[in-house]
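Given next are the chains, with one letter for each unit.
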Amino acid sequence: MSRYRGLRAGATAFTLAALLLGSTACGGTTRENSGNDSGGGAQASGAANPDAKLKEGLKIAFLPKQVNNPYFTTSDNGGKEAVTEIKGEFKEVGPSEASASSQVSYINTLSQQGMDVIVTSANDPNAICGALNQAKTAGAKIVTFDSDTKPECRQIFVNQVTAEGIAENQVKLISQQIGGEGEVAILSATANATNQNAWIALMKEELKKPEYSKIKLVTVAYGNDEDQKSFQETQGLLQSYPNLKGIISPTTVGVAAAARYLSGSQYKGKVKLTGLGTPNQMREYVKDGTVDAFALWNPADLGYLAAYAGAALASGQITGAEGDKFTAGKLGEFTVGKDGIVVLGPPTVFDKSNIDQFKF
Amino acid sequence: MAHDSLYAAPPSGADTEREAGRLAGLRGALGTWDGAIVAVLVVAVLLASLSVQNFATGRNVQFLLLDLVPLALLALPMTLIVITGEIDLSVASVVGLSSTLMGQMWLSSGLSLELICVLVVLIGGVLGAVNGLFVTGFGLPSLAVTIGTLALYRGLSFVVLGDQAVADFPAGWTAAAVQTIPGTSIPAAVVPVLLLALVFGVVLHATPVGRALYAMGNNDEAATFAGVSVARTKFWLFVVSGVVGGLVGIFWTLRYASARGDNATGLELTVVTAVLLGGVSIFGGRGGLLGVVAGVLLLGVLRNALQLADVDANALTIVTGTLLIVSVVLPNAVADVRARLHRRRRRAQLGAS
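Residue numbers (the numbering used here), protein chains in the order written: chain A, 3 to 362; chain B, 3 to 355.
Keep in mind that the hints were calculated from the coordinates and are not lab data.
One should not assume that every hint holds.
Said to hold, decoys possible - Footprint (simulated), chain A over chain B, 3 or more residues, beta carbon under 8 angstroms:
id, segment
1, 93-104
2, 107-121
3, 151-160
4, 165-173
Ideal placement from N, C-alpha and C gives every residue a C-beta, glycine not left out.
Construct all of the structure, not just a fragment, from the sequences and the given hints.
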């Protein structure tokens, strides 16, 4: 009889599981009939007082996607600088792995500790919403930076850059480098990457401006954000278009792979390359003359601005409503846009003269 | 009860006494570990309440318990599996795959969420059965099999949803996952966890099935001779582990309102840590459910208190790792020392007579 015992144990647990489920179920909930409370912008409650002074002693916590990540170390240090300027208490906490739900327990802890401001970059736009709303109820102001949550879960999102800002910047950089005329190509990530495609469409618009009339975009290649594929696509571009003067690669994987190919080829210094990359990846190619200049937002400024936005919220200067204005120390005045979004500004350009100041 | 004879069957002569003494020693060690871990838990809670600001508040208890639900659930079948001398490292990947399948079905199947949940639990069982089949059917070591399915199931969960997340679950369901028992700050999800813990505890400690699990952990072959259907029992343990993984996948998805491929990544190590910390021997045959429940709570309390005390994430990882090593080394060291002391005493007695 013992041979059935294991079976029975399994069956028992199984039945129990099914019962548990049954007890939670009531009526058929399907996707169609479930009311989803999506949409809705950032709620702004109360009135903003633009003349309010920044409070001293504000407790401002930074919760990055992941600690031990050079990008976030840089941005959080920018936040620390701002918090020191306004005589607040700065704190950085976070998970060691960038998983979707690991941030939740940190948010809970911060709301328990009575933070005035939580500045976070969300690993998932939804997973941390519940915890953020609880923290809001407990009195904290929520600022997201770098990576947003649903708008109703925070007061302000500090966006690093707009799509227009990137398109303008990239076209300007390549135009400067090739002397305003010649054939250029774009090396993108995947063919269905939403942000890449938005940027490419805007770059095409930008190229219609009279000052770029002598520049011809010959093709868009896709490196799928894989190092090797991007490397091979760069090689292919140079063989297919012998008159190619420049490449724009608005993806960190693509631009680094393209730079590596160019630096080892006869085209080094002759075919110009720009794009969006990190200084650490691109440093050697800038120094060896393969790349003149490329761009990315400055993460330190991003953190700095986010801290000031949080302080302005906690001091009652702004509520996160569209049109609210506040001053962010050395960066100057910012205006809150639609859905509580504040844009840092055009990307930072990195070249020989400044690249060594950036470590990320 | 054929396999009861494993414990009762008397070898002959002096061996009998030594054997009985050794078993008593082992049981003693086990008893003290269970007691010790509960004591450590009580001390940790007291210390944290006294020294960590905001620890002993209703809201914090709510957060703490809510975070522990997945860990506690997964630790239950894991306890039984480890006691038989096997391991299931795929549990967190089962959670991830269940979560993405739930998301994908909700997104595109048009089925009701109730039905989806039942399907997810069934699929969890199938994933567990795959593990069970490889372990018992082909006689492969569970460590190797479940390392394989750890990667396989995680990979599949990224195939299902890619890097996308499904989040538009009905608000009533996501709220239910984090709801507290009215009038208290105890999450309602704790109730089914306790009920399941009770069921697993009874099965393990008060039924012939439970005794068979210990027998298997001590000696597979002897258990087989004693009439235990080792393969069948182990197979069903893996199925149960998968079913619980499916349940946790549903809870996880609703609690975080997000079905994603990377849900619960790395959780299997925390589960194993909790089980070993609870006094279950990694070599099988020893341990109990009370200790494991205390181990789960201890891990949660430590994590929560250290976070509140602003200890950084790296130190937390180090603490977890250290606990894992301590909980593997210490019980074995204790048992070893006891056995040695016992032998010395026996020798002294023999010399005296």
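How the hints compare with the structure:
Counting residues of the segment 93-104 of chain B whose CB lies closer than 8 angstroms to any CB of chain A gives 0, so the stated coverage by that chain is violated, three being the minimum. Interface restraint, the segment 107-121 of chain B with chain A: holds (10 residues with C-beta to C-beta distance below 8 angstroms; minimum three). Taking a C-beta to C-beta cut-off of 8 angstroms, the segment 151-160 of chain B contributes 0 residues in contact with chain A, too few for the three needed, and the coverage statement is violated. Proximity of the segment 165-173 of chain B to chain A, defined as three or more residues with a beta carbon under 8 angstroms from a beta carbon of that chain, is established by the 6 residues found.
Figure legend: structure checked against the earlier numbered hints; hints not met, in rising order: 1 and 3.
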